[in-house]
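Trainee: Chains as they are written, first to last, in the numbering used here: chain L, 228 to 650; chain E, 3 to 82.
For the record, the hints were derived by calculation from the structure and aren't laboratory data.
The reader is advised that the hints may include incorrect statements.
Calculated cross-link-like contacts (lysine to aspartate or glutamate; reagent style DMTMM-like; alpha-carbon spacing at most 25 Å) [claimed, not checked]:
#	chain 1	residue 1	chain 2	residue 2
1	L	Lys279	E	Glu5
2	L	Lys390	E	Glu5
3	L	Lys371	E	Glu5
4	L	Lys463	L	Asp575
5	L	Lys460	L	Glu567
6	L	Lys371	E	Asp12
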Amino acid sequence: MTQFFDILVIGAGPAGLAAGHAAASAGSTRRIAIVDDNPLAGGQIWRGGPAKQADQRARRLWQDLQGASNVTFLAGTRVLMQTQAGELLVQDAEQASTIRYNQLILATGARELLLPFPGWTLPGVTGAGGLQALAKGGYPVQGKRVVVAGTGPLLLAVAATLKERGAIIAAIVEQAGMPALARFAASLALTPSKAVQAARLGVALRGIPYFANSYVTSARGDLQLTSVQVQRKGAKSDIDCDYLACGYGLLPNTELARALGCEIDQGAVRTDPWQRTSVPNVLCAGEGTGVGGVDLALVEGRIAGLAACGEGVTPDLLTERTQWQGFAARLARTFAPRQELRTLAQPDTVVCRCEDVCHEELREQPSWRSAKLQTRCGMGPCQGRICGNATDFLYGWRPDAVRTPISPARAGSIITLEPHKET
Amino acid sequence: MAESITLTIDGRGTTVAAGSTVAAAIAGVTRRSVSGQLRAPLCGMGVCQECRVTINGRAHVLSCQTLCRSGMDVQTGAVA
Numbered sequence: 228m229t230q231f232f233d234i235l236v237i238g239a240g241p242a243g244l245a246a247g248h249a250a251a252s253a254g255s256t257r258r259i260a261i262v263d264d265n266p267l268a269g270g271q272i273w274r275g276g277p278a279k280q281a282d283q284r285a286r287r288l289w290q291d292l293q294g295a296s297n298v299t300f301l302a303g304t305r306v307l308m309q310t311q312a313g314e315l316l317v318q319d320a321e322q323a324s325t326i327r328y329n330q331l332i333l334a335t336g337a338r339e340l341l342l343p344f345p346g347w348t349l350p351g352v353t354g355a356g357g358l359q360a361l362a363k364g365g366y367p368v369q370g371k372r373v374v375v376a377g378t379g380p381l382l383l384a385v386a387a388t389l390k391e392r393g394a395i396i397a398a399i400v401e402q403a404g405m406p407a408l409a410r411f412a413a414s415l416a417l418t419p420s421k422a423v424q425a426a427r428l429g430v431a432l433r434g435i436p437y438f439a440n441s442y443v444t445s446a447r448g449d450l451q452l453t454s455v456q457v458q459r460k461g462a463k464s465d466i467d468c469d470y471l472a473c474g475y476g477l478l479p480n481t482e483l484a485r486a487l488g489c490e491i492d493q494g495a496v497r498t499d500p501w502q503r504t505s506v507p508n509v510l511c512a513g514e515g516t517g518v519g520g521v522d523l524a525l526v527e528g529r530i531a532g533l534a535a536c537g538e539g540v541t542p543d544l545l546t547e548r549t550q551w552q553g554f555a556a557r558l559a560r561t562f563a564p565r566q567e568l569r570t571l572a573q574p575d576t577v578v579c580r581c582e583d584v585c586h587e588e589l590r591e592q593p594s595w596r597s598a599k600l601q602t603r604c605g606m607g608p609c610q611g612r613i614c615g616n617a618t619d620f621l622y623g624w625r626p627d628a629v630r631t632p633i634s635p636a637r638a639g640s641i642i643t644l645e646p647h648k649e650t
Numbered sequence: 003m004a005e006s007i008t009l010t011i012d013g014r015g016t017t018v019a020a021g022s023t024v025a026a027a028i029a030g031v032t033r034r035s036v037s038g039q040l041r042a043p044l045c046g047m048g049v050c051q052e053c054r055v056t057i058n059g060r061a062h063v064l065s066c067q068t069l070c071r072s073g074m075d076v077q078t079g080a081v082a
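Kindly produce the complete structure, drawing on both the sequences and the hints.
Mentor: Shown next as structure tokens:
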């Protein structure tokens with residue numbers, strides 16, 4: 228089966244929804260589709276569905292999109308590969324199909340930087356945003372003791388979500404130092420809505436221990452996590468917990484963009500002022516162009532949606548984007564992972580979780596490619612999405628070209644391809 | 003109160019609130035790694051593949067991106 232859409236949006240988070248919304252608002256004759264691999268729209272920040280969010284921007288976008296007769300939402304649908312120019316192969320729980328488009332908007336979001344340390348493979352250790360996402364999907368955290376660790380303002384949002392759902396937050400462990408955090412807090416005056424959000428989080432998290440300039444050095448437990456060791460004020464101390472939610476910030480998901488041949492600059496998809504990538508008819512918005520949060524994603528999505536329709540973009544949108552890009556730059560500066568995190572993995576610490584490849588096997592390797600060939604690092608089902616970021620941080624390796632299908636595919640999904648369409 | 007759903011996980015009936023993911027219903031070990039380690043969900047958002055299980059006979063389904071449905075039969079890798 229092949230479907231055709233004038234504008235195809237990949238990703239139904241804030242950027243994708245804003246893009247679809249802007250395109251739909253520009254005229255009712257264009258056929259628009261928004262594809263997402265999750266069962267519900269909203270991406271990570273609006274996980275659980277945009278209709279259920281406190282953020283009214285989510286509810287409004289979704290309400291309008293639901294009311295637009297020319298917008299189709301394809302949930303639980305994962306992009307596997309490009310079959311020919313202007314056509315993607317996708318797969319849902321039941322079947323594979325192809326989708327053709329005139330304009331493609333990539334809004335594929337970000338994932339967490341998850342760094343290896345002893346014990347990080349134990350059940351009970353998750354990403355920071357990871358546990359938040361799981362909890363939003365009903366993962367039971369009621370009465371559980373949780374250490375939230377890593378870096379960035381996301382840790383506060385994660386702790387607030389978990390606390391709201393009945394978890395006991397044993398501590399928030401932030402690797403950034405106090406001077407950097409203080410500078411960042413002062414800079415929130417430039418983005419008043421973020422200052423308000425921070426103040427609200429501060430109230431919600433009152434009484435919870437917050438350790439700056441600190442980081443988790445190991446997770447312990449037999450079959451399940453029971454405690455973590457934290458480096459703080461020059462000494463190590465243990466904290467008992469049921470879950471460790473640990474993430475070192477976000478990184479753009481660029482696999483699809485790379486598979487399409489889009490130029491990448493410092494880990495993010497390079498775009499022009501109209502969110503156009505280096506590939507004709509392919510645009511990118513949101514975290515894929517560089518991590519900046521929901522506000523930047525919304526304005527980029529809007530610009531991309533308008534540009535894809537050939538509509539003009541008003542200067543106020545460009546100004547708004549510049550403002551949030553400034554916020555993004557301050558985030559990146561404040562919460563850059565510290566050097567000591569490179570020293571946590573021990574010789575027997577698993578780095579590639581799919582293939583169980585340890586640090587001692589990898590540190591001898593000269594490159595990502597060599598590691599893949601010699602050790603199978605990055606050859607498992609996550610296709611290097613987790614260990615590729617970790618080995619970049621630990622060893623300075625750059626992953627080479629992305630391979631298709633970009634996500635694990637059922638054999639049947641590939642077999643159904645007509646021979647002339649193979650790339 | 004939200005509607006509830008009953009499904010089977012490794013042969014045991016489990017009841018969860020409607021809208022829960024299969025990962026939430028399992029709330030623990032989802033698979034064994036290639037060297038036999040027990041693993042549970044990590045990224046929570048369909049990237050790491052640690053949460054993959056067998057659902058209604060179909061292997062390698064990501065439990066964090068799958069909503070529970072009544073009567074679903076889920077097999078984790080926790081049971082050897």
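Trainee: What's the verdict on L:Lys390 and E:Glu5, does the C-alpha distance respect the 25 Å limit or exceed it?
Mentor: holds, 23 Å
Trainee: Please work out if L:Lys279 and E:Glu5 have their alpha carbons no farther apart than 25 Å.
Mentor: Holds - the C-alpha atoms of E:Glu5 and L:Lys279 are around 16 Å apart, at most 25 Å.
Trainee: Verify the proposed pairing of L:Lys371 with E:Glu5, using a straight-line Cα cut of 25 Å.
Mentor: Within the cut-off at roughly 24 Å; holds.
Trainee: Would the pair L:Lys463 and L:Asp575 pass a check requiring their Cα atoms to be no farther apart than 25 Å?
Mentor: holds, 21 Å
Trainee: Hey, L:Lys460 versus L:Glu567, does the alpha-carbon distance stay inside 25 Å?
Mentor: holds, 14 Å
Trainee: Are the Cα positions of L:Lys371 and E:Asp12 separated by 25 Å at most?
Mentor: holds, 24 Å
Hint compliance for this structure: every hint is met.
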